[in-house]
Amino acid sequence: MPTDPMAAEPGPPPPNGQADAAQGHRPGRIVRHAAWVEAEAALLAAVREEAGVVALLGAPGVGKTLLLKVVERQLRAAGIPAQRLEFGDLAEEVAEAGAAVLLVDEADRIDDTTLARLAAGGAGLAVLAALPGFGARLEGLPHRVVRLGGLRAEEVEDYVTARLAVLEVPAERMPPDAVAALGLESAGVPQRLNVLIGSSLFMAGLEKAQAVTGAHVRGAAGMHELSAVRMPVLEASPPDSGGRFDGGPADSTAGAELHPGPALPARLEAAPATELLPILVPAASEAQRGSHRLLPWLATAVALGLIGAAGAWMILGPGSSGVAPRDGAGAEVVRTAQAEPAEAAPGAAPASSPVPAPVPAPVPAPAAIVPAEQVAVVPAEPPAVVPALPVAPPARIVLTYPRGDAAAAARAEALAVALRAAGRTVAAPFPVSQAGAEEVLRYYFLEDREMALSVGARAGQAPRAHRLGAVPDGAPLPRPGTVEWALPATSDGEPAVREPPAPLRAAPELTPLVAPEPLAPAPGSLVAARLPLEMELRWRLPTTTASPCCFIEVMGLEEGAWQAVFSGYASGPDRHAVPLTAARRYAWRVTQVSRDGPRYAAGPWTHFTVQEVGE
Amino acid sequence: MRRPVVLGLLVLTVLSACAQPQPVGRRVVLPPRTAPAEPAERGEASWSFSIANGVCSASLVQEGVTLAVAAGPGRDVTYTAQAGRRISQVAFRGTEGNWQLRFPGTATRVTRRLDAAGERRLRAMLAGGTLRYSRPGARVLAVAVPDAGISGRDWFGCVSALQSAPPAPRQSDADAPA
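Read top to bottom, the protein sequences are chains A and B. Going by the numbering used here, the letters in the first sequence line up with residues 1 to 615, in that order. Going by the numbering used here, the letters in the second sequence line up with residues 1 to 178, in that order.
FYI, nobody ran anything at the bench for these hints, they're computed from the structure. These numbers come from a predicted model, not from an experiment. Worth double-checking, as some hints may not be accurate.
Using C-beta positions, here's what the derived DEER-type ranges look like [as the list claims (entries may be wrong)]:
hint: 1; chain 1: B; residue 1: T80; chain 2: A; residue 2: A392; range: 33 to 39 angstroms
hint: 2; chain 1: A; residue 1: Q563; chain 2: B; residue 2: A117; range: 27 to 33 angstroms
hint: 3; chain 1: B; residue 1: A116; chain 2: A; residue 2: A421; range: 22 to 28 angstroms
hint: 4; chain 1: A; residue 1: L531; chain 2: B; residue 2: T108; range: 24 to 30 angstroms
Here a beta-carbon is modelled for each residue, glycine too, at the ideal position from N, C-alpha and C.
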């Protein structure tokens, strides 16, 4: 695989993971079969052409988002300014900024005016990923189309084999009849194929069958009701492939058909639960409910199994053979765990109950920083009642007043009392040498604006001026949720200075943030170690950002209430060691913070429990 | 002819007596007088803040020169200085105040009560200035301290909220205002 993505040529599919490793991706995450390379090359070739719109059309789950991410990385590696948006309704502002290549996911949400302007080439080249129906909106506008279809029938076996290898499941457990059923029931959609593989393996396990059968696959498909949604994928299959799935309509599109590169998560950490949930918990029709009375319990059982398997994938490291490895100190490291879904983020699907797993003997932790994967992790019993954790960062108000201004100091103290009485967290009033001429409420992240407004409103003394505070380059960013209430100078204080305007910053939409994904310690696990413990937290960012990027919050459950244990910016882009001194249940989350905007995106809360072991 | 010869010898004898005597034994070379060495400027440090287990931590780092401040969980604050070799004193000068902190012996950390003076010391440092690290036998290191801004003021809220606790034994009384 050439390192220059612009020189990439379609070729035979590389072995699983090799192409990704060559391009800096996580090994094993993406299988680039020939069709994927073809589609990728078509999009990269379009960059060389004139400005305008390239529509990337495909059914849900076919891999449009993943393809956009890969193309973005390759363009940036080639020095081509590229900007990827996850939602089309942000495209208008970014079109104003004029990135060389604009990659827009969910482009169905772009309004007609912006769409026409993008098609006219005024904003450079725009790659718009959308469902096939989006093509109708492009009629009459200059554009090119790249279609993403499902896997061809003859490619399903290779895909399943690669998937099983990643899951460390022997290929013998998926005989040819099961593979054929998988191809038929998934209609070649990678996301559905992933779900069906896991579900059918679980159903076979319920029957203690050594191998999956076609019946298992069909049972899993019936539970997920996949058959009703497979048609759109086959719509894009090439007419000359000779491998169309039975029941699929003939392809009506002509010309250069492009075929999908299936997403193939290496572990659950590479396959977020949100990727699977839309298919795991579909809404069944009345007729289907009537004909499948046993489905509810079966669905619950399969969901539990999938979650359990997902937890195991998160814990098992790359290359693990299932045999407990030994760490450098010679202590046996047990890596068995079951997943407990992270704290539900807004809009997330409800969590399921954990599935018990074998409990290994606890292993004492070394005195130094303990890597997250090198501590004993066993399933933890969640307490009966766990209080809710905050979704938004807690508001913290910093009151400042002019140094030497007794009247302003007195007012700051009174204001602090009032705000605390209103339930706010207020720091001690802080004297500053350069106070402004007006009273102002400053927030430091765009997400905190509404909160800042409510702070003043609840105190009944809201300053009339609200503005985004400036943080000089090189200065540390405050914690998300920090608001400064700056009191002006009075006659007995130091002379006021006029506050300089905040420096112009890039439009915040230029940096769409995605919440980090927690990796370790495994959700719902029990960490058995000696205390105090330097617990290493690890996460993954969807996009590369400058360090420091992430704000860490750790809460400890003490006497039925969550108490702040740690808060601060991470020392590394993907990990941070947190001192833990007590055996209790903990919750942690990572917030990606960007100076562009500035903005932040908080990840989900993840739980683990620390149990102290003796010498 | 004899008289001129005798006179010449006499003159030579007198001249030799006036000449500088040859050094005897070890030669002592005095060093040239020079002005005190200028501190080695190390540029501007970077602030970072965190709160862990009731301890409010701040650190100033610049090219291997570090001053870490840990306040709490009681009303104590510990200063830890590192500059690659022993540090005898850290002195701060800033717009909001001056102070100095001595590190006895080979100690790299000292603990002080977080009283009103201790809070003033921290506030002064958060407002910016210059830190000078005195190292026996080596040049003083000077590090510029930027204004910690809103992050520092927020962190000071953690410090000021610390509750009183039994005082820790003082390691040194050599903490005096400059």
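For each hint, the structure was consulted:
{"no.": "1", "hint": "T80/B to A392/A: 33 to 39 angstroms", "in the structure": "holds (35 angstroms)"}
{"no.": "2", "hint": "Q563/A to A117/B: 27 to 33 angstroms", "in the structure": "holds (30 angstroms)"}
{"no.": "3", "hint": "A116/B to A421/A: 22 to 28 angstroms", "in the structure": "holds (26 angstroms)"}
{"no.": "4", "hint": "L531/A to T108/B: 24 to 30 angstroms", "in the structure": "holds (25 angstroms)"}
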